[in-house]
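Number of protein chains: 2
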Amino acid sequence: MIGKLNHVGVATPSIEESVKLYRDILGATSIGEKFVMEEQGVWVCFVNLPNSQIELIEPYGETSPVRAFLEKNPKGGQHHVCFEVENIEAARDDLVAKGAAVLNGGKPRIGAHGVPVIFVHPKDMGGVLVELMETPTSHP
Amino acid sequence: MIGKLNHVGVATPSIEESVKLYRDILGATSIGEKFVMEEQGVWVCFVNLPNSQIELIEPYGETSPVRAFLEKNPKGGQHHVCFEVENIEAARDDLVAKGAAVLNGGKPRIGAHGVPVIFVHPKDMGGVLVELMETPTSHP
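Sequence order for the protein chains is A and B. Under the numbering used here, the first residue of the first sequence carries the number 1, and numbering increases by one thereafter. Under the numbering used here, the first residue of the second sequence carries the number 1, and numbering increases by one thereafter.
Careful: at least some of the hints might be erroneous.
Pairs count within a copy or across copies, as identical chains cannot be separated in the list.
What the hints assert, rightly or not - Below, computed lysine to any residue pairings styled on SDA-like, alpha-carbon distance capped at 20 Å: (1) K20 x P108; (2) K4 x F46; (3) K123 x N73; (4) K107 x E89; (5) K98 x G27; (6) K72 x H121; (7) K4 x V19; (8) K98 x R23; (9) K20 x H121; (10) K34 x V115; (11) K20 x G106; (12) K4 x L70; (13) K20 x K34; (14) K123 x E39; (15) K4 x K20; (16) K72 x L129; (17) K123 x S30; (18) K123 x D94; (19) K123 x P74; (20) K34 x K75; (21) K34 x K72; (22) K4 x T63; (23) K123 x G27; (24) K20 x E71; (25) K4 x Q40; (26) K98 x V19; (27) K4 x P50; (28) K20 x E89; (29) K98 x D124; (30) K34 x N104.
Think of the hints as simulated: they come from the structure by calculation, not from any bench. For clarity, every value in this text was computed on a predicted model and none was experimentally measured.
Please construct the entire structure, taking both the sequences and the accompanying hints into account.
Below you can see the structure in the form of structure tokens.
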């Protein structure tokens, strides 16, 4: 089922500071502009690597789901891993049939790449918050 | 400096259980055999994806550095992110010059892919334990 590792989600208290880290310290050469995803309560910024991406996420709004993560990890840290799947609804149905807890009542949302995504609770995923996204038709 | 996202390191109390998860629940189709890296104190097993890998790591021996991680995260979780660099010593020198804390006194070790690696302390990397590895001459 899972295909490419599309991105690693990294939570940060400050996308600006993280961009400095990836650009000036680690020497990443392709970093997008930050943008807001209001419904998800996050600012998002992609660090583009030749084969994958780091998705920097910073809380947006007081009820952002990333706030609890940052309370436990004030400097930030690895938040989720995202794998591509061919069909999000087929993937969701398969996971639910196998007993995995799909968040948001199993309802796909449109993610930062403009394609539908679901999240699977870390308790069923070896402590890893797993995002599945439908393979985008064009890669950045 | 950083090139491809070579792998995401995922700590687990049981590689066998994690293999079941990635194979039977997430449907990964290419998973290697587990092997021990005595000096690093870990069992290792790679889940191969089309563009990258998940590196499952389980403690080996009583002094394994992964034990402390699992005490905090008993189900396991994301442990590190590994980026490829062209030359590990040049990367190390560059990071040290920029003030980053390179573990093991800055001395590269041979990693699970048979090429030299270094680890950078998460305190300088936005809470993420960053591994840098010299690009392998052949990818799996």
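Are there hints from earlier that the structure breaks, and if so, what are their numbers? As far as the earlier hints go, 1, 11, 12, 14, 17, 21, 22, 24, 25, 28 and 30 are violated by this structure, in ascending order.
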